[in-house]
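K.L.:
Sequence:
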Amino acid sequence: SICLLKFLILQSFLLQADSLQFCGSIPPFFIRKPVVHKLIEGGSIIFECQVGGNPKPHVYWKKGGVPLTTGYRYFEYHTLILPYAGVQDEGEYTCVASNVHGETACSAHLCVRHQIPGAPRFARTPDSVQCAPGFTAVFEYTVAGEPYPDVQWFKGSERLFSDARHSVVHHPDGSGSLTVQECMEEDGGIYTCRALKRWHDHFTFGPPQDLQSGK
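Numbering (mature numbering (1 follows the signal peptide of the UniProt record, and there is no 0)) for the sequence shown: -19 to -1, 1 to 196.
It should be emphasised that the hints constitute simulated quantities derived from the structure, not laboratory data.
Incorrect hints may have been included.
To be verified - The calculated DSS-like cross-link candidates involving lysine-lysine, where the alpha carbons are at most 30 angstroms apart (straight line), are:
no.: 1; residue 1: K43; residue 2: K19
no.: 2; residue 1: K19; residue 2: K136
no.: 3; residue 1: K44; residue 2: K19
no.: 4; residue 1: K14; residue 2: K136
no.: 5; residue 1: K44; residue 2: K14
no.: 6; residue 1: K37; residue 2: K14
no.: 7; residue 1: K14; residue 2: K43
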């Protein structure tokens, strides 16, 4: 199982990128494109997308050629979030951006596999944190599986261990936490909580869980 968490600092960056002022007439273009995802049913996924252009482009998402509405899934800026993906959600997702000077689109495919009995999963997913500089951020979780999976934390591609500013705690009942002391601006970003199980020296991964910042 994998949890992706975003600090408010990253959200602020997205807001700034979305509100950039361009001079002259500029057709829509992609600053960040969505990428292909694979996960096990019951997990969640984030298709991140950033768009530029002048005037500001109108952006919407399609699945299999059919436009999606905000009632289908939760949108924030140009990001599409599927909180609990099922097999029926598998397919191609397309982000379309248009203004008076043109239209552009990019697509990413989502592959959803059936849940594996006993595979790692999150019984409690950690809440993302809006953290002011100098304060402490705590991410708490509970994992399930038979037996209980091992848990690892990452910031980007760097694995986190307990040190002067980070505390990584795991309990025998599957609960645990990551604590970031005295948060700084560079602490903002995507944090990954990964639960994995060793069967005959092979690692089996469960469903990703994606969360947005919130109090």
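K.L.:
Run the distance test for K43 versus K19: straight-line Cα separation, threshold 30 angstroms.
P.N.:
Satisfied, since the Cα-Cα distance of roughly 18 angstroms is no more than 30 angstroms.
K.L.:
Holds or violated: are the alpha carbons of K19 and K136 at most 30 angstroms from each other?
P.N.:
holds, 20 angstroms
K.L.:
Hint check: K14 vs K136, CA-CA at most 30 angstroms. Holds or violated?
P.N.:
holds, 21 angstroms
K.L.:
Straight-line Cα separation of K44 and K14 no greater than 30 angstroms?
P.N.:
This hinted pair holds, its Cα atoms lying about 16 angstroms apart.
K.L.:
Within 30 angstroms, alpha carbon to alpha carbon, are K37 and K14?
P.N.:
Measuring from Cα to Cα gives roughly 17 angstroms; hence the hint holds.
K.L.:
Are the Cα positions of K44 and K19 separated by 30 angstroms at most?
P.N.:
Given that 30 angstroms is the threshold and the Cα spacing comes to 16 angstroms, the pair holds.
K.L.:
Is the straight-line distance between the alpha-carbon of K14 and that of K43 30 angstroms or less?
P.N.:
holds, 14 angstroms
The structure agrees with every numbered hint stated previously.
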